[in-house]
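Visitor: Listed here are the chains, written in short residue letters.
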Amino acid sequence: KQEVTQIPAALSVPEGENLVLNCSFTDSAIYNLQWFRQDPGKGLTSLLLIQSSQREQTSGRLNASLDKSSGRSTLYIAASQPGDSATYLCAVTHGKLTFGTGTRLTIIP
Amino acid sequence: AAGVIQSPRHLIKEKRETATLKCYPIPRHDTVYWYQQGPGQDPQFLISFYEKMQSDKGSIPDRFSAQQFSDYHSELNMSSLELGDSALYFCASSRRVTVTIAKNIQYFGAGTRLSVL
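Protein sequences, first through last, are from chains A and B.
Numbers 1 to 109, taken from my numbering, label the letters of the first sequence in order.
Numbers 1 to 117, taken from my numbering, label the letters of the second sequence in order.
Calculated from the structure, these hints are not laboratory results.
All C-beta atoms, glycine included, are put in the ideal place defined by N, C-alpha and C.
It is possible that some hints are incorrect.
[Stated by the list, open to error] List time: in silico EDC-like cross-link candidates among lysine to aspartate or glutamate, alpha-carbon distance up to 20 Å:
| hint | chain 1 | residue 1 | chain 2 | residue 2 |
| --- | --- | --- | --- | --- |
| 1 | B | K15 | B | D56 |
| 2 | B | K52 | B | E75 |
| 3 | B | K57 | A | E3 |
| 4 | B | K13 | B | D85 |
| 5 | B | K57 | A | E56 |
| 6 | B | K52 | B | D85 |
| 7 | A | K68 | A | E3 |
| 8 | A | K42 | B | D56 |
| 9 | B | K15 | B | D62 |
| 10 | A | K1 | B | D56 |
| 11 | B | K13 | B | D62 |
| 12 | A | K42 | B | D71 |
| 13 | B | K15 | B | D42 |
| 14 | B | K13 | B | E82 |
| 15 | A | K68 | A | D84 |
| 16 | A | K1 | B | E82 |
| 17 | B | K57 | B | D85 |
| 18 | B | K15 | B | D71 |
[As the list claims (entries may be wrong)] Here are the in silico distance ranges between beta carbons for each label pair:
| hint | chain 1 | residue 1 | chain 2 | residue 2 | range |
| --- | --- | --- | --- | --- | --- |
| 19 | A | V13 | B | E17 | 18 to 28 Å |
| 20 | A | P82 | B | Q41 | 44 to 54 Å |
| 21 | A | Q2 | B | G40 | 33 to 43 Å |
| 22 | B | T18 | A | R72 | 24 to 34 Å |
| 23 | A | K42 | B | T18 | 19 to 29 Å |
| 24 | A | K42 | B | G84 | 42 to 52 Å |
| 25 | B | D30 | A | P14 | 40 to 50 Å |
| 26 | B | K15 | A | K42 | 21 to 31 Å |
| 27 | B | S7 | A | Q2 | 22 to 32 Å |
| 28 | A | S46 | B | S115 | 40 to 50 Å |
| 29 | A | T101 | B | S115 | 21 to 31 Å |
| 30 | B | Q41 | A | T26 | 28 to 38 Å |
Please model the complete structure; the sequences and the hints are all you need to start from.
Guide: Here is the structure:
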C-alpha cells in the first residue's frame, strides 16, 4: 500500500526566505507526482505536476523535483511571501491519488 | 477555461438523512474521482469511474454509492448519514491519455462541504 509522508508537518519562516518542503513515498511505481496548495477550508489548487519520467518542474518562484528511485520529492519556494501561507500537499498518482499528510506553512511578515 | 463544477458547495444534513453530491467534469474528460477530506485530514480516495464504469474503489463506506452518467457527470449518494461523514468532498476529473496506463492529470473541483448535525 502506497504511503506518502511530508516533513515537516508545520513550518514558520520569515518573509523573503527560501524554503524546502519534503515529500516521501514508499512505492516508486507512480505515474506522476503533484504538489497542491490548500487554504483553510478551501479547495485544492494544483501547483506543479511532475511526470514519472521527469526530474523537475518550475513555475514562477516554485520548483519541484522528483527522485523516483529514492521515493522523494521536494518543493522549493523562493523569496517567500505572506500570501504563500497555506497547507501544501503532495500526492502521487497510480490511477488514484494518494495524498501526503501535508505541511502547514506560515510566512511571518 | 471550464473547470470541474461541484454542487452544492455547502450542505447541512441531520443524522440518518441522505445526501446527493454532484460533479460536472471538464468537457471531454472521461474519468471522475471522488475524495473525502475530514477535518485536519488529508484527502482520501473513495471511488472513480471511467467511461461510466467503476474503475477503482477506495475506502468508500457501504452506505455510499456513486455513478457516472451518459453525459459524464457523476453523483455521490450518501445514506444513513453519520456525524463522522462531515467532511469536504472533492471531485476530480481527467482525460485518459492511453488505453493501458492512466497517466492522468487530475483537476479538482472546489469541493462540497457536508455538515451532519
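Visitor: Does the alpha-carbon distance linking K15(B) and D62(B) stay inside the 20 Å limit?
Guide: holds, 16 Å
Visitor: Falls inside 40 to 50 Å, the C-beta gap from D30(B) to P14(A)?
Guide: Given about 46 Å between the Cβ atoms, the range holds.
Visitor: Honestly, do T18(B) and R72(A) meet the 24 to 34 Å range at C-beta?
Guide: At roughly 43 Å between Cβ atoms, R72(A) and T18(B) fall outside 24 to 34 Å, so the hint is violated.
Visitor: Assess, step by step, whether the Cα of K42(A) is no farther than 20 Å from the Cα of D71(B), and give holds or violated.
Guide: Violated, because 27 Å separates the two Cα atoms, which is more than 20 Å.
Visitor: Just tell me: holds or violated, for the beta carbon distance of P82(A) and Q41(B) against 44 to 54 Å?
Guide: violated, 26 Å
Visitor: Could you grab the alpha-carbon distance between K57(B) and E56(A) and see if it respects the 20 Å cut-off?
Guide: violated, 30 Å
Visitor: Please verify whether K68(A) and E3(A) have alpha carbons no more than 20 Å apart.
Guide: holds, 14 Å
Visitor: Hint check: K13(B) vs E82(B), CA-CA at most 20 Å. Holds or violated?
Guide: Roughly 10 Å between the alpha carbons, so the hint for K13(B) and E82(B) holds.
Visitor: Could you say whether the range 19 to 29 Å given as a hint is met by the Cβ separation of K42(A) and T18(B)?
Guide: holds, 26 Å
Visitor: Under the criterion that the straight-line Cα-Cα distance not exceed 20 Å, is the pair K15(B), D71(B) satisfied?
Guide: violated, 32 Å
Visitor: Is it true that S7(B) and Q2(A) lie within 22 to 32 Å of each other by Cβ?
Guide: Because 31 Å falls inside the window, the suggested range holds.
Visitor: Is K68(A) close enough to D84(A), meaning Cα to Cα at most 20 Å?
Guide: Given pair K68(A), D84(A) is violated - Cα atoms ~27 Å apart, limit 20 Å.
Hint compliance for this structure: hints 1, 5, 6, 8, 12, 13, 15, 16, 18, 19, 20, 21, 22, 24, 28 and 30 are not met, and every other hint is.
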